[in-house]
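Please put together the full structure from these sequences, using the hints given.
Residue numbers (the working numbering), protein chains in the order written: chain A, 17 to 438; chain B, 17 to 438.
Note that these hints are calculated values from the structure, not bench results. Hints are not guaranteed to be accurate.
The list that follows gives simulated cross-link-like pairs (lysine-lysine, DSBU-like), each with its CA atoms no further than 35 Å apart [to be verified]: (1) A:177 x A:420; (2) B:329 x B:177; (3) B:329 x A:329; (4) B:177 x A:177.
Here is how the chains run, residue by residue.
Protein chains: 2
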Amino acid sequence: MDSAAAMTGSDLATIFDRMSAIGAHPGAGITRLAASAEDGAARRLFADWMSRGGARIAQDAIGNQFACFDWAGEGAPWVFAGSHLDSQPRGGRFDGAFGVLAAGCAALDLDAEIRAGGFRPSCNLAVVNWTNEEGARYQPSLTGSGVFSGALPLDDALALKDGAGIALRAALDAIGVAGETGSVPPRPEAYVELHVEQGRVLTEAERRIGVVEGTWAARKITAAWTGRAAHTGPTPMADRRDALLAAARGITAFEALVAAHHPHLHRSAARLVIEPNSPNVVVERATVWFELRGRDVVELDIAGRAVIAAFEKATRETGTRLEIAADGLRAPARMDDRLSALAGDTARACGFDPLIMRSVAGHDAVALQNAGIPSALIFIPSVDGIAHHPDELTHPEDMKAGLKVLTALLRRLAEGGFHAER
Amino acid sequence: MDSAAAMTGSDLATIFDRMSAIGAHPGAGITRLAASAEDGAARRLFADWMSRGGARIAQDAIGNQFACFDWAGEGAPWVFAGSHLDSQPRGGRFDGAFGVLAAGCAALDLDAEIRAGGFRPSCNLAVVNWTNEEGARYQPSLTGSGVFSGALPLDDALALKDGAGIALRAALDAIGVAGETGSVPPRPEAYVELHVEQGRVLTEAERRIGVVEGTWAARKITAAWTGRAAHTGPTPMADRRDALLAAARGITAFEALVAAHHPHLHRSAARLVIEPNSPNVVVERATVWFELRGRDVVELDIAGRAVIAAFEKATRETGTRLEIAADGLRAPARMDDRLSALAGDTARACGFDPLIMRSVAGHDAVALQNAGIPSALIFIPSVDGIAHHPDELTHPEDMKAGLKVLTALLRRLAEGGFHAER
Chain A
17 MDSAAAMTGS DLATIFDRMS AIGAHPGAGI TRLAASAEDG AARRLFADWM
67 SRGGARIAQD AIGNQFACFD WAGEGAPWVF AGSHLDSQPR GGRFDGAFGV
117 LAAGCAALDL DAEIRAGGFR PSCNLAVVNW TNEEGARYQP SLTGSGVFSG
167 ALPLDDALAL KDGAGIALRA ALDAIGVAGE TGSVPPRPEA YVELHVEQGR
217 VLTEAERRIG VVEGTWAARK ITAAWTGRAA HTGPTPMADR RDALLAAARG
267 ITAFEALVAA HHPHLHRSAA RLVIEPNSPN VVVERATVWF ELRGRDVVEL
317 DIAGRAVIAA FEKATRETGT RLEIAADGLR APARMDDRLS ALAGDTARAC
367 GFDPLIMRSV AGHDAVALQN AGIPSALIFI PSVDGIAHHP DELTHPEDMK
417 AGLKVLTALL RRLAEGGFHA ER
Chain B
17 MDSAAAMTGS DLATIFDRMS AIGAHPGAGI TRLAASAEDG AARRLFADWM
67 SRGGARIAQD AIGNQFACFD WAGEGAPWVF AGSHLDSQPR GGRFDGAFGV
117 LAAGCAALDL DAEIRAGGFR PSCNLAVVNW TNEEGARYQP SLTGSGVFSG
167 ALPLDDALAL KDGAGIALRA ALDAIGVAGE TGSVPPRPEA YVELHVEQGR
217 VLTEAERRIG VVEGTWAARK ITAAWTGRAA HTGPTPMADR RDALLAAARG
267 ITAFEALVAA HHPHLHRSAA RLVIEPNSPN VVVERATVWF ELRGRDVVEL
317 DIAGRAVIAA FEKATRETGT RLEIAADGLR APARMDDRLS ALAGDTARAC
367 GFDPLIMRSV AGHDAVALQN AGIPSALIFI PSVDGIAHHP DELTHPEDMK
417 AGLKVLTALL RRLAEGGFHA ER
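In structure tokens, the structure reads:
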């Protein structure tokens, strides 16, 4: 990707097209898993582009990248803007990457304005690429923002293993991302993230800009059933302890139960690992990643308990053993009211009528907000709400609208500072 | 394993221990997948041991190994004895390997007897290791015996791909097994296979030797559901087309339906591949390998049609698309009556009261018999019927009993020939 690195300037369409080529497979979307070779290429393109634009590149020990504009000097507060460059397998072009690149364009434009004497900044700005937001290769998701904000210990994060047993530390090492480099900026006074909606709410409301007031909560349960390997042929049926049958009953019961009693919860079982995986061996172990999302933590607790009871029933019926390998609640986030109000106000000043809305999905802004860093999350529309799929699309005019609002908001923060606006 | 290759002689316990060390992992059984490095080591040990014992090693284009004793010269009929050296992942030590090594020991003992003038053979003998009996890495199973006997075209077999997309041709190449070498013997007039039972029938009947009169039929159905990748968070539930949910309903319905209406059929779903396999992406495609085994082909047909109807219902309920990627019937085999009678008679002459029984599992002998090569299958007990599991065990006295009957039967065939006994 080194030729692409010659890119300079803040033309969003050009840098977006270059980034979209990394990990792209015709008809199969973008595969740029965290700490893969493709992620490495994306990181290099981002760093080269930003440093050609005058930024100083720093990187922390979990691989988060910071393109720093030290406008107000040491000791001045920081504002961050960004998102993530990793993708799902066969994911879309926009998810994450759009937010990083839009923040980069906004920063370059502001930097040019400052250099031309347009205004005098009261704080520094960093454009951030957070490591492994997606959680596709390494679970949990939001790894980089979780470590930065203190929710996830660094050593635990580096020790995470992918499905092939490769530790995140080794994978980062393999793409040349090892340890802290440069002077990493301190906790910022504000963080702003621009993201595609991944739903249809904005389109159905005929709005171009959404300001996210908060997110749904999520309960993530990893259930592992252990049975006993046996020949699928002669082994008497009564002797079998089939972990895949247990998991299938667990998945089926999970969906039926939640659909019947909590129909407005979003629910999924989307990852499953079985051992061994041979047509002639009764499955010994099946691990399933379940997710429940909703606004109400009490309801998630009730639903979660019912779900685990259903798993236990599937376990008894199949003579297997159940282990709840993980059961975590991601609390609903309330984004920073004052920063969100500022975002809404800025959107109106730019000529848009912002929709105050909720996000179902978690984003890096949620991890930071939950750790006490005032954060705002701005949405632009996704066509048909398609996400984590090659067909994901956001129209150019919506991209431009988002960039316009983000730039104006960052200008306001850079000029006056966030706390100064209090 | 080259030091182990120094083994000579027909001591079954010694060669069995050496073979059992290849691909062994403490507490996790034997992993010697077809055409893996471990399979390569097993092949070399077998070939070295047999050639040190005076055999000529030949190999056909699918990698079947023949340790040939050209006792009666060119033009004389052949008798084969053997089984397979590949294993399931975390499989047992006995499955397959015992039959190959027992046949090797029997052949070496007979060869010594012939050299000492004990009797004059009327046919040649080959000890055979068939490629990929297990079907763990490459489906279908019984690959080598299927190609040798003409049921499976060689090019189709070499083009089979494993879960990582590696063709069998390339995998064999990688362990130095490429193309035919030596003069491969022609279709034999008889094939004898000694195998561990993998069930509890012999133990419960308190017998040491089983003569298999025939096998169950098997219907193997591979069902692939296609949905649509989507974000597990914001995507509205009504928009989801979840291939894993469809597969889970398919597996659950399969078990419930067959248990209710065809309880004596053996049934399993033991291999499942999903794409992508990320906790945050609704599964786009799920492929499941189903198996039904029974004695009655008509019943398997009725059950198979009901099962597919249940799959279609799961498909409609989930808005996915179903493709029956494979649907094959392995007919019940009737082993050769005359050869089986000879095996039973030989067992009695050795002092055992053989049990005439059925095999649920397929074995290479079934592939050969179904292709018109008269075959006999002899069983010895498995403790608790455990198979395809590290705990698989056959007691030494049962191994000795099997070897004794096999040697006596091969002596009888080598001396008189099979057709001559007509």
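The hints, checked one at a time:
With a C-alpha separation of about 39 Å, the suggested pairing of residue 177 of chain A with residue 420 of chain A is violated against the 35 Å cut-off. Between residue 329 of chain B and residue 177 of chain B, the direct Cα distance comes to roughly 30 Å. Compliance with the 35 Å bound is thereby established for this hinted pair. A hinted pair counts as satisfied when its Cα atoms are at most 35 Å apart, and residue 329 of chain B with residue 329 of chain A qualifies at roughly 24 Å. Taking the CA atoms of residue 177 of chain B and residue 177 of chain A, the gap is near 27 Å; set against the 35 Å cutoff, the hint holds.
Of the hints listed earlier, the one the structure fails to meet is number 1.
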